[in-house]
Structure formats: C-alpha cells, structure tokens
Amino acid sequence: SAVISQKPSRDICQRGTSLTIQCQVDSQVTMMFWYRQQPGQSLTLIATANQGSEATYESGFVIDKFPISRPNLTFSTLTVSNMSPEDSSIYLCSVSIDEQFFGPGTRLTVL
Amino acid sequence: GENVEQHPSTLSVQEGDSAVIKCTYSDSASNYFPWYKQELGKRPQLIIDIRSNVGEKKDQRIAVTLNKTAKHFSLHITETQPEDSAVYFCAASSRNTGNQFYFGTGTSLTVIP
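Going down the list, the protein sequences come from chains A and B. The opening position of the first sequence corresponds to residue 28 in the working numbering, with each subsequent residue numbered one higher. The opening position of the second sequence corresponds to residue 6 in the working numbering, with each subsequent residue numbered one higher.
Among these hints, one or two may not hold up.
Claimed, not checked - DSS-like mimics (lysine-lysine), calculated; alpha carbons at most 25 angstroms apart, straight line:
no., chain 1, residue 1, chain 2, residue 2
1, B, LYS27, B, LYS42
2, A, LYS34, B, LYS47
3, B, LYS73, B, LYS27
4, B, LYS42, A, LYS34
5, B, LYS42, B, LYS73
6, B, LYS62, B, LYS27
If you're looking for bench data, these hints aren't it; they were derived computationally from the structure. Predicted, not measured: the structure shown is a model, and the values here were computed from it.
Okay, chain B solo, but in the shape it has when bound (with noise of 0.2 angstroms):
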C-alpha cells in the first residue's frame, strides 16, 4: 500500500514568516494530494489540494507544490498569523485504490506572536 512521510514533526515560526512541510509518498498511481489542518480537540478540515495533473496551487497564503517524478509535495504557508497554529497532515490518495486515503505523520506548526 501507500507509505507518506511528513517532515518535520515539530516546527516553530516567528509570525509573518513563512512555514513549509514536506511529504513523499511511495505509490506511484497515487494521484491527489490533500492538505488537512487539525485543531485540537477537532476534526481534520481540509485546506488546500492539488492533483497530480498540476504542479503548483495557490489560495491566498498557502500554496501546494507537486513534483510527480521525485513522489514529492509541499505546503507553503507565507505571512504566518498565530491561528495558523495547528497540526497539518498531508495525504495521498489514489481512485485507482479506492478512494483510500493515507496520511502523513503530521506537523505541529506553533506561530509565535
């Protein structure tokens, strides 16, 4: 099945700066690649996608790079705000599986006012 790796566990930012997470996955059919943020206490709420027929997506301050070839994708979040604050988890899913979704590890990101 799908492996994702998420780097690093732990990151912490100075407000206004930027922050960036990395994922690889190891399926190759594995073709969409979500972004979820989860607070404390709450439900994984999905932040930005991006699928494997496009190499970059933005909305406002964040942004998913995809590169195919090296089975790897990342968030970039520009001009960090202190509700920024969460864990984010990357995934990769394929419809070829099923719909199945296999998440990464995740990220603690703590914005420091």
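Bound-form chain A, shown alone (with noise of 0.2 angstroms):
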C-alpha cells in the first residue's frame, strides 16, 4: 500500500494568483498522477509526472497552466498558475502500486 499526504488540504485564492500543491508518498514510485475532480464530476487526469523527465499532460491541460515537479520519487509540485474561478476544484495526487491509491486531495476555491 502507499501512504499519500497533500499540502495544503484547502485554500481559497484570488483571481490571477498561482498555488503550489504539493504531494508526498511514503515509498518510492515512478510515476506520480494529478487528478482534477470538480464538484460532483469525475476524475480527471492532468497529467503524469514521471521523475526524471518532462512530465506528460493530457489533452486539455498544458504546462504554462499547471507546471509539475518530480524532483525525486516520493514528491512531486502541481503549480495551479493564473487562477480563474474554473479552477474551482479538488486536486488529488496519485500513484499506483499494483493498486492506485490517491492523496486526501486540496480543496481549491479562486475568488
């Protein structure tokens, strides 16, 4: 099993500002997944962010918007980046160890 924690848990931002999240797991992985869940939707996959390269973001989302860090194999950033209040949502790490397991999640709310 894997032990995910997020920082923060929830912030309330101002329109234009940026937020880093910021996701530790308590073992080694290679690959670490942010999700994008807004309010009562599905999950939705950002990107993934492998340590070592560039992370791989899916269609939809782009660098410029939500940078990612994997500077080693149990940490990785998500930089939410010139907020809008679309981006009003929870923001979950992830990784998968024969099973995915997710982090708490920050609950992000843009003014």
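Once you've looked at the hints, go ahead and assemble the two chains, each given alone in its own frame, into the complex.
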C-alpha cells in the first residue's frame, strides 16, 4: 500500500494568483498522477509526473497552466497558475502500486 | 486515449435489493478495471478490481464482470445497505500506456432504508 499526503488541504485564492500543491508518498514510485475533480464530477487526469523527465499532459491541459515538478521518487508538486474561478476544484495526486492510491486532495476555491 | 462511459448517473434502490452499474471502454489495450467508492468529502477508495484475463470476480456482496469482446464491465452489489450509499466510479487502465487511469463519470447510489 501507499500513504499519500498533500499540502495544503484547502485554500481560497484570488483570481490571477498561483498556488502550488505538494504531494508526498511514503514509498518510491516511478510515476505520480495528478487529477482534478470538479464539484459533483468525475476525476480527470491532468498529467503524469515522471521522475527525471518532463510531465506528460492530457488533452486540454498545458504545462504553462499546470507546471509540475518531480524532484525525486517520493515527491511532486502541481502549480495552478493564473487562477480563475473555473479552476475551483479538488486536486488529487495518485500513485499506482498494484492498485491506485489517492491523496486526500486539495480543495481549491478561486474568488 | 481511453474513453470510459458509465451508466446510470444516479441510482436509487431499496435496502436489500441489488444495484448494477455498467461501464464501457474504448481502448482494447486496457487490461485493468478497478471500481472506486467515494463518500462525500473523502478520497476514492478501491472496492474491487478485475484484470482482463478474468471474466468475473466476487468479494462478499460485491462482484464485477468483464466482457472483453464487447468492452464493457459491470459492478454488482447485492443485499444493499444504507452504508453502500456513495458515488461509484469505474476506471480503465493499461500498463502499456503507463498506468494512467481513466475514470467513468460516476454513479450516485442511494440505498433507501
């Protein structure tokens, strides 16, 4: 299994600012995944963060808007840049070890 | 990429009845199909999964069936209880594509006591 923590757990931000979300895993994993879950919606994969290479983004998501860092095998950050109210969502990081484990999520509200 | 569709979006059943949720997927390379339960304000939790070399898997009151030819899989919950009320998500994944998981749109299940 995997224990995943995220910081912050929630935040309220002003339009136009940026927020960096941190994700820490208690074991080394090659890939970490970032998802977005808008209110009442399903989970949408934003990108896959590989250690030692650039993140791979899904259709509709770009690096300028959601830059990702992956400095080592247990840590990753996702930045939500130049935020607008449409970015209000829960952001979850995830790892795959036999099954997929999710972090507790970061609830972001953009005013 | 993979496209996962899920039906129904909402489902209400009487306590003790069965609930069935169905999903279809588009990528024939997908070979792992988990189901997640998400309670309000909590993270998704894996409840059962099935791999493409198996047609059916059961764990107590929960079962999953897979039809690879038709590219669909289903979740069956028998003898439903009020604590089964939650949102359920299916997903599809392939190790060939890096283990990314693609989720269905979710089913909000309400079990009426």
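Cross-check of the supplied hints:
1. Distance restraint check for LYS27(B) and LYS42(B): the Cα-Cα separation of roughly 14 angstroms lies within the 25 angstroms cut-off, and the hinted pair is therefore satisfied.
2. At most 25 angstroms may separate the alpha-carbon atoms for a hinted pair to count; LYS34(A) and LYS47(B) meet this at roughly 15 angstroms.
3. A C-alpha spacing of about 14 angstroms is found between LYS73(B) and LYS27(B), which places the hinted pair at or below 25 angstroms, so the restraint holds.
4. For the suggested pair LYS42(B) and LYS34(A), the alpha carbons sit about 23 angstroms apart, so the restraint of at most 25 angstroms is met.
5. Pair hint LYS42(B) plus LYS73(B) holds up; C-alpha atoms about 23 angstroms apart against a cutoff of 25 angstroms.
6. With a C-alpha separation of about 15 angstroms, the suggested pairing of LYS62(B) with LYS27(B) holds against the 25 angstroms cut-off.
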